[in-house]
Amino acid sequence: MTQSSTPESSQPGVGRRALPSFDLKLYGPFLALAALVVLGTLANPVFLSPGNIANVLTRTAFTGIIAIGATFVITAGAIDLSVGSLAALAAGVSIMTMNALSPELGTGVAVVVAGVLVAVLLSVAAGTFNGLLVTKGRIEAFIVTLGTMGIFRSLVTYLADGGTLSLASPIRTTYRPVYYGGLFGISYPIIAFAAVALVGALILYRTRFGRYCAAIGSNEEVARYSSIRVDRIKTLAFALQGLCVGIAVMIYVPRLGSASATTGLLWELEAIAAVIIGGTMLKGGYGRIWGTVVGAVMLALIDNILNLTGAVSVYLNGAIQGTIIIVAVLLQRSGAARR
Amino acid sequence: MAEPILSAQGVSKVFGAVQVLFGIDFELRPGEVHAVVGENGAGKSTFMKILAGYLPATGGTVRVNGREVPSEGPGAREALGIVLIHQEFNLAEDLTVEENVFLGRELRRGPFVDRSAMRARCRAVLDELNCHVNPASRVRDLSVSDKQMVEIAKAISRDVRVLVMDEPTAVLTGAETAVLFRLIRKLKAQGVAVVYISHKLDEVKEISDRVTVLRDGRLIATQPVGELTQDAIAQLMVGRAITDLYPVKAPPPPDAPVLLEVRGLSVLGWVRDASFALRRGEILGFSGLVGAGRTELMEGLLGLRRSTGTVLRNGRPVPIRSLEDATAAGIGYLTEDRKGKGLLLRQGMRQNLTLLALPRFGGVLIDEAKERAALDRAVVDFDIRARDMDVPVGALSGGNQQKLLLAKTMQIEPEILIADEPTRGIDVGTKRQIYHFLHDFARQGKAVILISSEMPEVIGLAHRVVVMRSGVVTGTLEGAAIEEAEIVRYATGLKGMPSHDAVVNA
Amino acid sequence: MKMKLGFAAALLAGIALAPLGASAQQKVRMGVSIPAATHGWAGGLNWHAQQAEKQLEKQYPNLDIRIATAKDAAGQANDLEDLVSVHNIDALVILPFESAPLTDPVREVKNKGKFVTVVDRGLTDPSIQNVYVAGNNPQMGKVSAQYMKQKLNNKGNIVVLRGIPTVIDNQRVDAFMEEIKGTDIKVLGMQYANWNRDDGFKVMQDFLARFPKIDAVWAQDDDIALGVIEAVKQAGREKELFIIGGAGMKDMIKRVMDRDVLVPADVLYPPGMIADAMQITAKHLIEKTPVQKEYVIEATLVTPENASKYYYPDSPF
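Protein chains in written order, with this note's numbering: chain A, 1 to 339; chain B, 1 to 506; chain C, 1 to 317.
Chain A extracted, bound-state conformation (with noise of 0.2 angstroms):
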C-alpha cells in the first residue's frame, strides 16, 4: 500500500457498511436553516406565520428552480452564468409573444400556454446552445456563458428599447393566478419548486444521467474510458438548466407581469451560491438536490429575515448576508473535515 494512507482491514469487507453516522456534509444545510428559523423566529414572531412562510417559499421558487437546474450542470463540472439573463429574455420575449398572438388566440388560456410554450423552448434552445459551444467548441464554460450571459441581456434591452416590456392587462388577468393562485393552499410556484425537487433527485440520485454527470465532474478523462458520452452529457446537463430556467419564467411572468433589463439580474450567483451552500462540491462529482433547496431558500430566509427586523442597519444588509453564508459553508465543510 505505497499510494495511500487510509488503512484497512485485512479482511475482505463482505457485506459491511457504515452504521448510518451523522454527516454534517449531508445535514449541514438542513442544521443551518433550523438555524435560521430560530433566528428569524426570534427577530420578529411574524416570521413563522403561514403568510410569510407561504410569501418566502414563493419568491424563492424561480431561483430554487434554476437552482435544481445548476445542480446538474456543477455537478458535471462546469458552471452556467447566463441563467439570470436568460430568464430575462426569455420572460421578455414570452411577453412580447403572448401580447403579439393576442389578436389571432384572444386573451386566454391559448395565448398564455404559447407564451409559456416559447419561454421554455428558447430557454432550452439557449441552454444547449451554451452546452453546443462548451462540448462542440472546447471552450471553458465559464467563458461560453460568461458571454452569452452579456448577449442575452442585451437582447432583453433591445428589445425592451432600454425599458420594460409589460404583459397586455387582459392576458395578465388571465396568467395571474399562476403566482397568486393555488392548490389547498399551497401556492403554484411551491408545488412548482417541489415537483421540480423531486424530479430532479429522481434524476440526478437514480437515473444515469444523474450518475454519469458526477462521473464527469469527478473526472472526465474516467468517463471517458468508462464509454461515456462525455459531450452528449454535459450538453444535456445544460439543456436541463434551459429547462429549469423555462420554468421558472413561466412562473415569473405573472407575478409582475413584465420583463426588463433587471429581470433576473444576479439570479446566477444566487443560484450558484444555493448549490453550494447545499453541499454540492464547485468543483464538481458531488451534487445535492435537497441541499439546494435548502440552500436556496436560505437565501430568501435571509432577505426576509432582514427586512422583518429594524435591529440592523440597513446598510449593513449585504454583510449579514454575506457572513450567513461564509459560516453555513464553514460549518459544513469543517465538519466534513473532522470526520
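These are computed hints drawn from the structure, not numbers from a lab.
Positions of the beta carbon are idealized from the N, C-alpha and C atoms, including for glycine.
Just so you know, not all the hints are guaranteed correct.
Stated by the list, open to error - The calculated label-pair distances, taken between Cβ atoms and stated as ranges, are:
1. A319/A to N111/C: 49 to 55 angstroms
2. D367/B to T323/A: 40 to 46 angstroms
3. Q55/C to L202/A: 45 to 51 angstroms
4. Q292/C to V109/A: 37 to 43 angstroms
5. T323/A to T183/C: 34 to 40 angstroms
6. Q55/C to G147/A: 33 to 39 angstroms
7. K309/C to P45/A: 44 to 50 angstroms
Go by the hints and put chains B and C onto chain A.
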C-alpha cells in the same frame, strides 16, 4: 557502527478505529540504502509519511541525529535534509523544469530571479542524472519517467541527507533504472542515506544494504540484504512461501478459433500498420519499451483514439468507433492509469464498479439493489479489502484499487480482456491473484491481451508475445522463443524490422 | 416586433450586424455620455437621448451627435477619453454616474477647450461646467413628503423603500425625512429595493407581513412602486394605504390619470431632462444663442388634474 541519522522508536499510528502501525522500530545510518518492503496495506507509505513529517505518529518517537523531533509538517523535516519523493509527483505541472527544481528557494540577483544561474545549476544536476530534459520545458509536457527524474533532481539539488523514494522505478525503463542506481550509489558515497520502497525484489537485492519487512503494520524483520534471497524476502512479506506466482501455462490448441483479428491498424503519430490475431483460450503478451505504442495501438483498436485499419471479431469485420462499440463487441479494457483513467477516486466502490456497465443495472432508474449485489459478489470474487463498503475509492490501497478496476471491467462480461500493465505498483500477493485471474479467464474459453513492461510477467503468463518497437510490430514469439534476451532483441531493434521504418524515432 | 425578434434571432445565431456609422463630413460634433439602460429610469434616459439625437440631427444637418453609454463610473471615464481623442467632439453633454469620481475626467475634457453641459448630478467642482441642467433630488423628496403630509393630515404610519445606496438616494431620503419632521408621521421601516420591481415586491411583502397597519408607502421610484402595488394587491390591503412613486413612468402616470386610489399622485424626475440638455447645448453650438448657467428641472407633483401633460405612451419608460 555509525550513529543513526534518522530513527523511529515504537512508532504506531491509528486512523479512526483502525490501527495501521504497531510499535515500529527503525534505524537509518548515513551512507546506507535501506529497502522497505511489504505487501499493499502493510503500512509502508504511512510509515514513510510519519518519517518525513507528513503525518503525526499516534505513539512513539522519531529522532533526527538522536534528537526527538515533533511533527511540524514536511517543511520542517525538509529543512533538516529529509526529503520524500512521492509516487504521485509533487511538481507544479505548468512551471518549467528549472522553476520546479528551485521552487521556494529561487536563486536571486538583487530582487530579481537569476534565471541564467538557475538554468545552469539545473542543467548540471540533470546531467548528473543523465537526463536530457530541457530545463526550460514545461513539466506538463514531460513523460512520466522524465518527471520522476525532475523530482529526483529537485531533491538532490537541495542539501539532502535522507532521501525517501517511494517506488521510484515503477515508471522507469531499464536504462533509466540503471542511471538511477548509479546516482543512488553516488549519493551513498557522499554519506546520504536512502530509504528505498519497492515491490521489485531484484532491485532491492541489487541496490540496498539492509531491508526492513513490514506485514500488516508490524515490523517483521530488519536484516542485511546479503543474508536473504529474493524468495526469503517474499516469504517474510506474505508470511508464507509463494511457490506458484505464475500458474502453469495452458496454451490453446493450435486449431482454436480466432476471436479477434487486427489488420493494418494505424494510429497517427504512434502506430503503423499493426496486425495480430488472438485465439480462444489465449493470453497474448505485448512487449516493448516505454513509448513503443502498445497502449496507443489498443486505444486505437478500442475506439479511444482515431485509427485506421480493420478489426475482425470471429472473422467478421466490426467497426469500432467508440468504447461503446468495443463493449458491444465483447471487448473489455483495463487501463494502465487506474487513478487518471480508471477510477473515480472521490466516489465509492459501488459507483465505480458499475460505471462502465451501468446500462446493465436497471432501466430508466438505476437498480441499486442489483448494484449492491454486484459489489458484494465482486468483493468476494476479487478479494477486495476495504474498511467499509462506503469508503471513497481513493482511500483504498493500490492493490485493492486495481482489483476493483478489474472487477469494474468484468461487469460488461467481456469475451476479450485487454489488460494494460495490470500489476503496476502492487504487491506480490495481489500480483499472484491477478495472474491467476487472467489465466483462469483465458481457460474459460475467452482470451486476454496482456501489455506489460515487466518482462517476467509476460514470460510467465503469455502463450505468444508480440513485440513492438516505435509503433511497429517487429516480431511475434512463441513457445521456447519467449525469453528475455529474445524479446529485448526485438524491442530494441536488433531483430525484426529495421528502425528506419518506424513511425516514431524514439 | 416581429422584425425585432428576427434581429434577436440573428444575433443568437451568431451573425453580427455592424452598425452603419454616419459619414464623416465637416460637422459640429457633440458627445453625450450617459449610464447604460440597466434599469427603468436609465432606459427612459436612453430613449429620450436617442429621440433627441434623431430630432436634433434632422434640425441641424451639420450636427453630429454621438451617444456613449457606460455600465459604471470607470467605464464612463473611458468613454470621455474616447469621445475627445477618437471622435474629436466640440461639446460634451454628460449625466455622471457619480459626482466625485467623474469630476476630474470632465475637467480634462473642459481643459481641452470643449463646451461642457452637466445633467442631473452636479460635479464636486461646479466651475468646470458651462451649463448645468439640474435634476433636483432633494426637491423630489420634499415634494413627496409634502404631498403625504397633506394627504395623511400630518398623521400616520408609513414605510419607505429606498433605491440603491448612492448620493441620489441619500439626498431624496434626507429631504423627505426633514420635511416630515415634527409631524405625527411615523416611518415604520426602511429598506433598499434597488430601483427594481422584483425587489420592491419582495420588500413590500415583508413589510406587509411585519406591520399590520400601514397608511402610506413612499416607494420613491416608479419601478419599485409597481412591485409594491402587486404585493399590496396580493395581500388584499389596497383599501388600507396609498403609494407614492417617483420619476414619471408612463404606467404610473396612466394610473394617476385614471384616478387609481392606490396611486393618487406621482412626482416627476423626468429622464427627458437629457433631451433638454442636448437641445440647449445644440442650439448654443450652432445658433450661438446665449445660455443660462443653470437650468433646474422641477420635481413636479403629478395629479389627476395635470397628468395628461406628462403622459408619453410611446416612451419605453
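Results of checking the hints against the structure:
1. A319/A to N111/C: 49 to 55 angstroms: violated, 40 angstroms
2. D367/B to T323/A: 40 to 46 angstroms: For D367/B and T323/A the Cβ distance comes to about 45 angstroms; the hint holds.
3. Q55/C to L202/A: 45 to 51 angstroms: violated, 59 angstroms
4. Q292/C to V109/A: 37 to 43 angstroms: violated, 58 angstroms
5. T323/A to T183/C: 34 to 40 angstroms: Given a distance of about 37 angstroms, which is inside 34 to 40 angstroms, the answer is holds.
6. Q55/C to G147/A: 33 to 39 angstroms: holds, 35 angstroms
7. K309/C to P45/A: 44 to 50 angstroms: Hint holds: Cβ distance 48 angstroms, inside 44 to 50 angstroms.
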